[in-house]
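Undergrad: The residues making up each chain are set out below.
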Amino acid sequence: MTTGLDPHFVAPARLTLATMLTAVSAAEFSTLREGLQVSDSVLSKHVSALAEAGYVKSRKGVHLGRRTTWISLTAKGRKALSAHVAVLRDLIDGIE
Amino acid sequence: MESSSTPPTRAQASAALAEAEATRAKVAGDVVLPSWFTTSMGAAVAVQIGATAVAVGDGPLWVLAAGLVIFTVVAGVQLVRFRRRNGVRLGGLADRVVFGSGAVASWSYAAGFVVAIAAANAGRWWLVVLASLLAGAGYALAGRRWMRTYRAAPQEHGRGTPAAWLAASAIVTIAGVILLVLLR
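In order, the protein sequence lines correspond to chains A and B. Under the numbering used here, the first residue of the first sequence carries the number 1, and numbering increases by one thereafter. Under the numbering used here, the first residue of the second sequence carries the number 97, and numbering increases by one thereafter.
Bear in mind the hints are in silico, worked out from the structure with no lab data behind them. Every residue gets a Cβ at the ideal spot worked out from N, C-alpha and C, and that includes glycine. There's no promise every hint is true.
[To be verified] Below, a list of computed lysine to aspartate or glutamate pairs in the EDC-like style, where the Cα atoms sit at most 20 Å apart:
id, chain 1, residue 1, chain 2, residue 2
1, A, K79, B, E117
2, A, K57, A, D40
3, A, K60, A, D90
4, B, K122, A, E34
5, B, K122, B, E252
6, A, K76, B, D154
7, A, K57, A, E34
8, A, K79, A, E52
9, A, K76, A, D40
10, A, K79, A, D90
11, A, K79, B, E252
[What the hints assert, rightly or not] Which chain A residues face chain B? A few, computed with CB under 7 Å, are given here:
id, residue
12, T19
13, A23
14, V24
15, S25
16, S58
17, I92
Given these sequences and hints, build the entire structure.
TA: Take a look at the structure:
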């Protein structure tokens, strides 16, 4: 593994998920699912992995009378993502 | 892939980052304001400034309360509509557009407020109406401007000020308005 790359963001879908969350304060589970174009179970797996690392948090809510889940990036997740992206940029620029 | 020990190649890293950033740009680009969002916020601000000026100018206190209630109800309804329409929460929108902490919105509000209060004290009611309407228009335009700014750099503008700080600012503002009325 390249030094500095965060293993939690190596899967492209997780990198995309966390990057999407930097654009909002929180997003509904269904909004993220449509953005990533993955199934509920796949998204749940990615969210659980990032939540376990303390990078995202989820909160239950109600939308149009149905239960829904709001996902947001934590400060720890934001910091880890910035560091990961910086390493990726160095790799792309051939600085390693 | 998470457990893989093989680092991504330059091409893989570039593709993953480009995909992530394109998806973020799409999320931000898909965010739309519900119908009449900025117009209703501008109108609510105009009503609130006008009502405060009437109360400060020896009007009944319930007018002041009605102005604050109208603003609060419009702001709450519009934020719920936004959330339902887009499936996202944007702290920056609540902060900059609804509570008007952006430079253009806050200057519009402050200028309109000061002129409206001075006009009410001088009994120039036409000027109270004009100042309130202009402040509301500035507020509405600032909201539209913020949306363009957000779409250009969503990662910088999406989150806004923490809700606790906004609540504290709202309490201080309301206390200031009440003090202004009590000292009239």
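Undergrad: Hints first: check each against the structure and report whether it holds.
TA: Hints, one by one, checked against the model:
1. At roughly 17 Å between alpha-carbon atoms, K79 of chain A and E117 of chain B fall within 20 Å of each other, so this suggested pair holds.
2. Taking the CA atoms of K57 of chain A and D40 of chain A, the gap is about 17 Å. The hint holds against a cut of 20 Å.
3. In summary, the hint linking K60 of chain A to D90 of chain A is not supported, as the alpha carbons are separated by about 38 Å, beyond the 20 Å threshold.
4. Note on K122 of chain B and E34 of chain A: the hinted pairing holds, with a Cα-Cα distance of about 11 Å set against a maximum of 20 Å.
5. Proposed proximity of K122 of chain B and E252 of chain B is supported: the alpha carbons are some 15 Å apart, at most 20 Å.
6. At most 20 Å may separate the alpha-carbon atoms for a hinted pair to count; K76 of chain A and D154 of chain B exceed this at roughly 52 Å.
7. Distance restraint check for K57 of chain A and E34 of chain A: the Cα-Cα separation of roughly 19 Å lies within the 20 Å cut-off, and the hinted pair is therefore satisfied.
8. Taking the CA atoms of K79 of chain A and E52 of chain A, the gap is near 16 Å; set against the 20 Å cutoff, the hint holds.
9. As the CA atoms of K76 of chain A and D40 of chain A are separated by approximately 25 Å, the hinted pair breaks the 20 Å bound.
10. Of the supplied pair hints, the one linking K79 of chain A and D90 of chain A holds, its CA atoms being roughly 17 Å apart against a limit of 20 Å.
11. Our distance criterion of 20 Å between C-alpha atoms is met by K79 of chain A and E252 of chain B, whose separation comes to about 14 Å.
12. With a cut of 7 Å, the hint placing T19 of chain A at the interface with chain B holds, because the nearest CB-to-CB distance is about 4 Å.
13. A cut of 7 Å between beta carbons decides the hint on A23 of chain A: the least distance to chain B is about 4 Å, and the hint holds.
14. This hint holds: V24 of chain A has a C-beta 4 Å from the nearest C-beta of chain B, less than the 7 Å allowed.
15. Interface hint at S25 of chain A: satisfied, since its Cβ lies 4 Å from the closest Cβ of chain B, which is below the 7 Å cut-off.
16. Taken as an interface hint, S58 of chain A does not check out: its beta carbon lies about 13 Å from the nearest beta carbon of chain B, beyond 7 Å.
17. Given hint, I92 of chain A at the interface with chain B, holds; its Cβ is 5 Å from that chain's nearest Cβ, closer than 7 Å.
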